[in-house]
Every structure is written in structure tokens, then in C-alpha cells.
Amino acid sequence: MTFTPTELEVEGAAGGEAVREGAAAPPARGRHLVRAFLRDRAAVACSVYILLIVLTALAAPLLVKLSGYGPLEFDQDAVDPNLGGIPLGAAGGMGADHWFGVEPGNGRDIFARIVYGARVSMLIAISATVLTGVLGVVFGLVAGYFGGRVDMVVSRVMEFLMAFPALIFMIAVLSALPAENRQVLLVLVISFFGWPYLARIVRGQTMSLKEREFVEAAKASGATSAQIIFKEILPNLTSTIIVMTTLAVPGYVGTEAGLSFLGVGVVPPTPSWGQMIASSVPWYAVDPAYFLIPGSFLFLLVLSFTVLGDRIRKLLGEGAA
Amino acid sequence: MTDTLLRVRGLTVSFPSANGPGEVVKTLDFDLARGGALGIVGESGSGKSMTSLAIMGLLPKGAERTGSIEFDGAELTALPERAMRSYRGDRIAMIFQDPLSSLNPYYTVGTQIAEAYRSHRSGVTRRQARAVAIEAMERVHIADAARRVDHYPHQFSGGMRQRVMIAMTLSMEPELIIADEPTTALDVTVQAQILDLLAEIRADTGAGLILITHDLAVVSEVADHIVVMRDGDLVEQGTAERIFTDPQAPYTRMLLDAVPRIDDEIGLLRTLTEEAR
Amino acid sequence: MIRFVANRVLGMLVVLFLVCLFTFVIFFVLSPDPAVQICGKNCTPEAIDRIRANLGVDRPFWTQFGTFLAGLFAGRTYGTGANAIECAAPCLGYSFQSSQAVTDMIVQRLPVSATVAVGAAVLWLLAGVAGGLLSAVREGKFADRFIAGLTLTGMSIPNYVLALSLQFVLVVTLGWLPFPQAVPFSEDPLQWFQNFLMPWIVLAIGMAAVYTRLTRANVIETLQENYVRTARAKGLSPGLVWRRHALRPALTPIVTIFGMDFAGLLGGALITETVFGLNGIGKMAADSITKNDQPVIMGVTLLAAFLVVVGNMVVDLLYTAIDPRVRVGSTA
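Chains as they are written, first to last, in UniProt numbering: chain A, 1 to 321; chain B, 1 to 277; chain C, 1 to 332.
Take these hints with a grain of salt, some might be off.
Stated by the list, open to error - Derived lysine-lysine pairs resembling DSS-like cross-links, with alpha carbons at most 27 Å apart:
1. C/K141 with A/K314
2. C/K141 with B/K61
3. A/K231 with A/K219
4. A/K314 with A/K210
5. A/K314 with B/K61
6. A/K231 with A/K314
7. B/K61 with B/K26
8. A/K210 with A/K231
Source of the hints: derived by calculation from the structure; they are not laboratory data.
If we strip away everything but chain A, and leave its shape as in the complex, we get (with noise of 0.2 Å):
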């Protein structure tokens, strides 16, 4: 829920000023890198339950059809009205007319939600990932290039921002904000506040990388800033720029999750992972598999891309990132 990048900050503190090996690493290097990834068992393994999440999001409509139930369709006859909504059948009315059982009460299909949800769920952390991708490595290559004034202005915005209570402000700004457009005001907030995170560390790194003698030389052979920042300094980049983003985004799952969770996020009757954990809330002792499916599918995501990251920094060398 919180943003796991504290531990990065650290460590990027320490190790963000050191001379990776990969950035001038010749071309086979990368083959062989995809070869020990593939040798990689878990990581092989969270890669494909992130593809099988992406396409499943891509595939909803497909999926809905072939399940037969959309995601706002009530089925008041798969629940019980004398048990207050409770879903006939065992395990919260699983069976092959509702794969994944209903949700309480109404009756909706879990798994046109889950299906559906995961669109606002990837679209969401994956929009916000670009974002603060963007905004981080292009902030963090100003202020470490330039340096001066430029950085300090820089530098004193990213504390702010770092030193704020990001979550309950990132609330405080939702509530008030109208229902509108949600998942775009979402990535927005998100990104506001993630950004320094990836910015911090490629300016460090930019900073060690623009003394380094090729930069002095594309210095000297009359190349402009621009031409120097974005051909010789962002492709040494490029490995930690990927480690923080894969990093980041489960960051960003959790806390669309969490903030949906908390009533602020995506509105209903639009599903959510997180906001249907919310929603389950009530019913958690009757009926567990309410609250059972968002959740293992919201942590396998999460873990998934926890884990890959993990896999990759260690694959591309501690010093990445």
C-alpha cells in the first residue's frame, strides 16, 4: 500500500553513483542476459502471470462473452433473498454458470469483474508507470545535467514532494476533486507524487556519468545538451531506468487498489480490484471467496512484479539501481 521505493532510495543512495558495467556492455551480453532470465524459474513464472493479466484485461469483452455475464449484470436468481444476498451454492456460488461465483446481495458475476477490473487495474499502474517515468528521468537528467540553480530548484521540490504524507494527501486531493474522469485524475495524482523517487537516482547517476570521458568528448566534438543528454547519457541509463520502473509499478497497483479501497479511487459501478475488497468488506465472514479472489489475484500481481523487478536488478548487476 505504501510506496516500497523507501528501500530503493537507500540503496540508490549508496550504490547510485556506481559505475555500472552494463551500460557498455557488447550487444551478446544482452543474449546471454535473456538466457539466464529464462533459466530463472520464478521470474519466467511472474512473467507469464503478468502476460496472462495483460491479456486477459486486452481480452475482457472476449472473456465476458464467452463467461456469458457482464460486469454490471445483476443475477438476483444466483443469490438468496431470505439470507439476506447471500450467493446460493458452495464457495459464494462458484459453478459453470458463474465461474468465479457472484457477489453478494446483487449477484454480479465475479468474473466478468475480476476480468474487467483488471483493465482499470493494469491501465491504471501501467499510465502512472509512463508517467512517472517520464516526468523522473526527464527531471532527474535536467537537474543532474545541469546542475546550478536548475538542480536546486529541482532537488528542494523533489524533498517536498518525498518529505509529504503521499497517501492521505493523495486522498485529501481525490475527495475533493469531482467523480469525473477518476482514472485519469488517479494517474495524475500518482504520478505527482512518485516521480521523485526515479528522479533522485538518475540524477545521482547522471551527475557521476557527465564527467565521464565520452561525454567530454561529445563535449568537445560540438554535440549540443540535448544531443549529449539524450544520446549519450540516457542510454547508459537504461538499466536502472527499467529496474525502477518494474519496482515502481507494483507500487502503483496497491495503491490504485488501496485508494479504490478507501472510496476515492475508481467509482462504482466501475470494477476495481481494490475497490472490490471494499465492497467485500461486510461480508467477509459469510462468504470469503468475495474477498478471497480480488485479493489472491491483487497480491499474485503485486508479488509478480515485485519479484521480476528483484530478478532483474540482480540480473543486470546490484549497481543499477
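Please build the complex by placing chains B and C on the supplied structure of chain A, with the hints as guidance.
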């Protein structure tokens, strides 16, 4: 009591790997007379530092040590770790290359100097330990030792930190001091001072000295016997005089060719500092 | 030293001022008219105007912000004449829902939140440092890999999923714990403890995972340091080398992070308090969000920011006490 303080025979240090053992020190033999000064010279990767760590029993994890290291008649390679510990710091002391990173930033230099004394002698009070530290600092000519004893490593300059490191070895009156590149991280002027100090300590205490360096000029100042190493092999050894006047191996000659310039510089500096006095 | 402290305090005040401004702007610009909300159904335009005047929201932005800041430090008065309500400093306004002073609401709920935070902190600090040390000592061995697996799981499980699962297993299925029910410590210490046990565990697990990884990394890194080799060369016993030369440098950075995490937790374990029905600040914040009770949301936001900023500063000052390199400027 023999005349030989340290007798090394067939010392081999290897790191077992998938492609068989990688030997970084290969069947090395040498002797150090009581109170003598031995210089081990070689480029980085020649195995000279591994030799010193092998004597201390402080080889990194995974390293294997074979052969014989006899110190004052005792076979060190046969000692269990606990017994070896009573030699370390007490009878054999070591000075490292980078004095800043070799000192713990969290403790005052006084604490760190007295630490060995307190752990090897039982029933030492805080006050006694402090007095020992101050005395050791005075012996390495740190001015105002009684005040400086409470300072932290970062408050000292590079040369002063190396003096602290030397003071650290002195508190126990060791019979053997191993100095691994003690001057490499220092300015040229300070280098000469530290070498002078090492020579002075040796004369005062009668301790044996092993000086490990890549720089023949440095050993020429201090050592009476020289071992030249390359890629873990012993290239040649002999008295300092013989090595300098009549080197046998081409490699030694090559190393010597690099010396005169630096030697002159140090000589010049010495004259200058002496004149300045 | 005095200058350093002065600098830090000044920096803190600037950040706090910005936090206030930021929060105020958001609620001022974005939120719907509070007067309409208070007025309710049978409302006349005159009534709305009167409420606006009472709240002071009819005045320009800077005047309102000034009044708000003044209220924080000196208190303020709502309305005029006989209807005037005196709000003592630090005044955070009144809840739209219950008409209670926000400051009072916070003070009432602080003990619960503090209990939750302290218990969780003790747990995660103990578990994290112990786990990290064990991992570092057994680096690469089974115990290390096992702990690594646990930490990854702990970091990934969303705390409300964990909260619901624990509650389902421990309370509903196994019946080891009673249904959570607010009981003061003085009445029934056992029940009190049982009530807080699950929130503590839920909050501690994620943090413990992070601290385990941090401790492990720090210890392993410190053991590579040259000064550890020096200590061994002095013939110190392994225990002494560990205690004096490895642990202190390795654990010092953890103090820094702990201070901030703890402060963050104090200002709102929203999800955990909500799930377990603990009447703390977090639950109050969560409730006020659903009811759109702005003064309460704003008050909690400011409190959380204040705690984090102060926590940051305390940590900085503490750091000067434990790291000599910061304490005494370099004279080299």
C-alpha cells in the same frame, strides 16, 4: 629463540573455481630475520597483498591456504582461529593502504587505538587504555595527542590518519609489523615522513617489518631484504643491496628502470626538508 | 551545531507553511460550496449567504488563508455577536457532520492511533532487524533464501487483504481471537491486547519485510568495509567485531527511516483502522472522506504532514547525535 622471526615455505593461496583452483600465490618461500625489514615488491595482482593476509590468517572467504608459515617457532597454519586471534594485533600487527576507510568513522581514534590493548589484556580500565592510546599517538608524533585522542578519523588529514594506524599497531609492542602499501594513498611529501616513522619505530622497538609495495623506491628506503613477485610467482629475492646493484631477473631490471626518477625526487625532498629544518 | 538546528527548524517551518497553503488551495479551489452542504435540503439563498458569512468563505482567498493560519496559532471566532463561536488554537474548524471541533476529534482519537502505531513499530523493528541479521549471517544459505521469500510475500500482500484473511482465519474459522470490540486496557487487558494484535501484525508485516531487506543489505555491505578488516587484524573476537564495527554502522541508517515511517503511521493507518473498526484518526479520516466532511479531511491531512515533517527533523537531529561525521564538521 631463533634468529628467524618468520619462515615461509611453499605458501600457496588459491581460489577454487569451476575451472580448477586459481592460484594467486604460488609456492612462495622467504625468511624474515628478527628485527629485519623485508620488502615484498610487485605490481597489483602479483599476490603480495594475499601473502600478507595469508600470514595474518585474514584471507577472504573461499580462499585456500597451503604450505607453512612459521612465526617465532610456531606453525601458524596449524593454529585454530581462536589461537590465531591471540597473535593478531598482539604479536603481529598490520597497517593497511587506505587509512580513511580502514578506520571506523563511528569511534574516536583513541578508542580504536586502545581497542586491541583492551581486548588482549584483561582488566584494563578505561583510563589506562586512554593513557596507552595517548602514549602511542605521541610516539608517532601526533601533536597535542591528549586532545586529539578524542577526535574522529574524519577530523585527521591523510598522513595523520596513517600515523593513527601505526599508533594502533604500537600499543601492543608487536614483534612483526606488516605494512601493506602504507604510503600509496598519501602525498609524496607525506610518504617520506611515514617511511621515516616506520624506520624509526623499527629502530626503537626492534620489531620485524614486512613492507608491501609496488614501488621499489619505497623499499629502498626501508628494507634490507627484498622479494620480487609477479603473478603469484617469486621472481627473485636477495639483499636490498644486491637487488639494486645486480638484479638477475629481467622483470626486476624493468621495475628498477622506473625507480631513479622517483628516487631522486624523494632524495631531493629529503634534502629540502632537512634544509628547512 | 546551533546553526544546523536553526536551519533545520526554519526549513521545517517553510515546508509546513507550504503544506498548509497547498492543502488550503486544493480545498478552496476544488471543493463544492460547503455552505450548500451545511444548509441541507430546505435551504434559502439567504440562509446560504448567512452561513457563508459565518464560515468566512465569502471573503477573498488570501484573507481566508490568513484567517485559517491565524486560527491555527491563535484561534479564531466564527460568526458575530451572540452567535459567535470561539475556536481556540490550534483551530482546525468544525466538522460539517457532527459540529464537533476537529481539534477535539483528533485529540480524542489520538490514543488509539498511537497504540496501533507503537505496537506495530515495536513488532516490525524487532522482526525486521532480527530477520535482516539472520539473513546476513546466513547469506546465501537456506535461512537467507527462506527469509527472502517471506519478505517478498510480506511486501506484496496488500494490508487490507491480509487484514481480512487474518480476521477470517483467526476469528471466524479458528476462533482463536474474539470479534474485535473496543475495550479499554484498564477493564480487560487481555481483550484489549487481542483487539490490537491483528492491526499490529497487519501493519508490521509489510514494514518488517522492508526493514529485513534493508538490515541485510546494510550488514553485508558493512562487513566488506576495510575497518572491519582492521578490527579483525587487531585480533578482536568475532563477537566484538560484529557488535562494535559491523552493527553500529549498519543499523544507524535504519534509525533515520524508522523515524519517518513511524511518524507516517501515527497520522493515519486509514485502511487498517477501518477494516478492524478501530476508532482512531485513520478511521476518522476514512469516514470523513465518504461523508465529504472537508474540515476533518483537511485537519487530518495537516496533522499527518506535520507529523512527517517533525519526524523528519527529529531524525535529522538524532542522526547528528549518532553519526560523528555529521556532528563535528570535517577539519581535515
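Against the structure, the hints:
{"no.": "1", "hint": "C/K141 with A/K314", "in the structure": "holds, 17 Å"}
{"no.": "2", "hint": "C/K141 with B/K61", "in the structure": "holds, 15 Å"}
{"no.": "3", "hint": "A/K231 with A/K219", "in the structure": "holds, 12 Å"}
{"no.": "4", "hint": "A/K314 with A/K210", "in the structure": "holds, 25 Å"}
{"no.": "5", "hint": "A/K314 with B/K61", "in the structure": "holds, 21 Å"}
{"no.": "6", "hint": "A/K231 with A/K314", "in the structure": "holds, 26 Å"}
{"no.": "7", "hint": "B/K61 with B/K26", "in the structure": "holds, 19 Å"}
{"no.": "8", "hint": "A/K210 with A/K231", "in the structure": "holds, 12 Å"}
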